[in-house]
Amino acid sequence: MSLMATPERRRLFDPHNSRALRFDWLLLIAVGAICSYGLLMIYSVARYTNPVLKHPLSASYDIQRQAIALLVGVAAATVVFLIDYRKLRDFWPLLYGLSLPMLLAVRFVGVNTGGTTAWFNVGPFQFQPSEVGKLVLIVSMAGFLSVHEGDFDAWRLAQTIMLAGAPMALVMLQNDLGTMLVMVVCAVAILVVAGLKPVQMLVLTLVTITLLLGLVQGGVFDKYQIRRLTGFLDQKVTVPVEKQDDVQFESVRAKSAISGGGIGGQGLYKGKLTNTVDGVPVQKSDFIFTAVGEQLGFVGGAGLLALYALIVWRAWRISATTDDRFAQLIAIGFVAMFTFQVFENIGMTMGMMPITGIPLPFMSYGGSAMIAYWAAIGLLANIHYRRH
Amino acid sequence: MNDSRVRVHIVGVVVAALFCSLLARLWFLQISEKPVAVDLTNSESRLIHTLTSRGLIFDSAGRLLVGNRISWAITADAKLRAASHDSTLRNVVPVVAKLLGKSVQEITHQLDERVLGPLESVVLAADVNRVVQRTVVERAEEFPHVTLAAIELRWYAKPSIAPQVLGYLGQVSQDDLLRHIDYDPNELIGRSGLESVYQASLRGGPTTERVAVDATGQVVGDPAPVAAGRPGFNVHLTVDSDLQAFAQQALEEGMRVARTEYNEDLKAYGQFYRATTGAVVIVDTRDGSLKTVASSPGYNNTDTLGQFSALNSKANHTPLLNHATQELYAPGSTFKLVSAVASVNTGTFPAYLPVAQGDGCLLRPGFKICQPDKSGPPVDLQRALTVSSDIYFYKVGDALWTRWKQGDHKAGYAIQTAARLFGFGKRTGVDADETSGSVPDEVWKRKLAHALYPKDAVAEDANNDWNPGDNIGLAVGQGGLLVSPLQLANAYAALANDGTVWRPRLVDSVTDAQGNAVESKLTAPKANSHVDFGGIRDVLMNGFAGVVTDPKGTAFDAFQGIPASIGAIRGKTGTAQAGNKDVDKTTKQPLCIKTVNGVSNFKDCLGDTSWFVSMYAPAGTDQVHPQYVILAMVQEGGRGGRIAAPIVRQIIEHMNHLTPTPIRQLTAGAPVAGARG
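Respectively, the protein sequence lines represent chains A and B. To convert, note that position 285 of the first sequence is 304 in the numbering used here; the numbers rise steadily by one, no gaps. To convert, note that position 174 of the second sequence is 1141 in the numbering used here; the numbers rise steadily by one, no gaps.
Okay, chain A solo, but in the shape it has when bound (with noise of 0.2 Å):
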């Protein structure tokens, strides 16, 4: 426990009650620092599709955009550090509200992309919706079970898992695969902390493997999502490269990319599968984290593990100590995202878990979810500022 935290030391060094003081500064700092290190290595992917620059940074369309966005995220973060998060608690059935037709219309006017139809045109950007449910989903949930203090019965239960169910409904109809995981790995963290009984988690354990298996076995999921999640246990199999499917051939070359980086690295912009015309597809968004292990190797790899633990304890940290029950289950449904995100992003590059189209926060280039992500650092902040 830090001795900053207890609010007895802050008066002792802070006669003034200080508001900078008051602020999370360490977690503004490593995000900004992902934010920096992820820019970099876009950057150094993105130099290969304008490979003959006068001016490397004009030029480059990609960096443009993604600083576009991280600046769209500042001041999504700023407005939502302002609000009090507290007017959360009245106001989330509204957001909850306006979420669920944002996630169906995309399904009928979305762009699609690579099988998922997860995008509505904006101009010359494109925003995807479910990224902003996702946080809808924490706040609801949050709201929901703060407000409703007692037994946590089977009624309660059904009445949350509708609450959740159905916007995870809405963004399986995209096809949006990734996202749902997170949305219910979200969930399970919430209901944990808001007092599931271990016989409801077992139950509502065994309920979903049913389903999940009946899901499989009736053909709703189709061949493609199945193989892709089921694709990174058969990697150990060397097949020649005309014959990998694309999720062999995209797991073999991140595994080997970031393989190839051994402590410190082959160099920024010098990675043999990272720096190439045909190495790692989608290594800018899904797989920029194999840009980091092969240019930067363990060093770089491990120093980004490390921002993303400090930004997961800040959260994890007002879990921890918060009397708001709200905030404590807001947080906690941060430090589930952030944790599953970073874990199923870094693992399925390095062939622990199945390639699913879910970004690494702050890195991956994307819009969408670095501005979602910044409201989210933005709530934390906001929760830290004003808990006590």
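No lab work stands behind these hints: they were computed from the structure. Careful, some of the hints might be misleading.
[Unchecked claim] Derived PhoX-like pairs: lysine-lysine, alpha-carbon spacing no greater than 25 Å straight-line:
1) B:LYS1488 to B:LYS1234
2) B:LYS1561 to B:LYS1548
3) B:LYS1046 to A:LYS291
4) B:LYS1555 to B:LYS1234
5) B:LYS1570 to B:LYS1552
6) B:LYS1046 to A:LYS289
Place chain B on chain A using the hints.
Quick look at chain B alone, frame taken from chain A:
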């Protein structure tokens, strides 16, 4: 701590465990385990073929004609090829194009032409100058995937000597790659002449190595040998490059002189002969080996790399074609050899029976054909050949047609049968590009009528009969008869050796690098057919001797003053009509002249083809069976005795180390009356 705090800590432990497992996996993957790429290489390998040197080509005297040389070339690999399809390297292509002085489209086309493997490259430009060489090496960063490479190209000792016989190389095409699985997409393949016919021997076997590659296609480790290379086999020609060079020179001189002579049929219009194409063929009659195959216009094999299609236009008279083997001409009076054999074989005219020439015209109902400058006393076969009497052979053709009409197709087609026996109308089997030609008969006439009037049944019906005129024309080597100079020379070779029609051959032997002969069915002498001359061979030989020695002989002027000590020269001239010589009845103007707005165009007025085919027995050799047939042909060259015969005389003089008599000197006088034919 209350219950929810405990639960938060449980979540914290799970989170910490997940982060630790990520860190452990990262450590395992990057530090304690071997790089994954090593596993990949075991299952990934590619074969690399390195070409060995192409075989050499020597002439009959062992002089090197075609070898190999090193050329500095700019090559691009498969990744630059990908550049034209995605944005990645698109900027490089224009820079390369500018450096090589080519258009972006050209470079893109070169890159797209073939499907390249990851380790293969394409030659963008060969023989690049030092500036380009230095630029690519020193500014390598600006030219990713572009390399300066040493490649092997053909070297020619005498680039203008027999280029059509030697042939040229071209880039391997996609079709070639499908046919030859071991070919490199970048290699050169014989496209014409001997380079093409002997491609399999000349190419040799490439060195094949297996290399391991990682997932990106980068080579990992050392190559392992799979197959050792073998240099290409060497080809030894029957052609004497010295004789060939002189023949080409004599041919050019003859063609130059022809161009200063008035076209006899168009003298009133001030038109000269155009001498568009020409050929010289020298055959060793003992086994069919070719000492010289000259074709004009020629080209320079070195200058023409990669520009063949532009060079080979009709306006240039298709220099890439071997006019001695691939082009077809009417043989004119030289064909009387065949008609004579047919005549005697069918008993039409016994060899010693004199046939009246009358006024030189043959009159049939509704049909009259004349040779205006031939009239006089009756001639027998020998005399008919010496003075090249057309009326004699008109009568042969006419008599045979009558027998055909009477239903005796065997005798009626005697000329056609003899022609095919001599090798006309089909390929000779020579190891060069050749065309088969045509021997006309009723079937041919029907096909022609059908081709001429595909939509007019009435006109087709009116023109598809095998008429007396068709057979009469054939008897004097006109009409539908088309032969290549090689076929004609080969037919006379059969007379010279008393009956064997050899398969003409250009290559004496194929040897490996150690000089051991390699079995090749293309090189051994082979008889195509046999002609039985019966008792008339002497008559024929004497008739052809008279052409040169008799003052009335059609080539007498051309060989006047040649020393008798050089041996026996026999021969036959030909002055073959190539165009329509009909005259408009009112204006008296030849119909081939197209006058538009008072300006006359003589483009369709093809001059006569000048032929001379000789049988030459050098002194000290068998005088009865001449060793050589020497043929000269100049398209639109005029009379055989005035242009072609002097070319042959020069060659014979050269063979005897005499100073060649200038052709201008031999044609100084006006055309001698009666010398036509």
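Hint-by-hint comparison with the structure:
no. : hint                   : result
1   : B:LYS1488 to B:LYS1234 : violated, 52 Å
2   : B:LYS1561 to B:LYS1548 : holds, 13 Å
3   : B:LYS1046 to A:LYS291  : holds, 14 Å
4   : B:LYS1555 to B:LYS1234 : holds, 14 Å
5   : B:LYS1570 to B:LYS1552 : holds, 21 Å
6   : B:LYS1046 to A:LYS289  : holds, 17 Å
Against the hints set out earlier in the document, a violation occurs for number 1 only.
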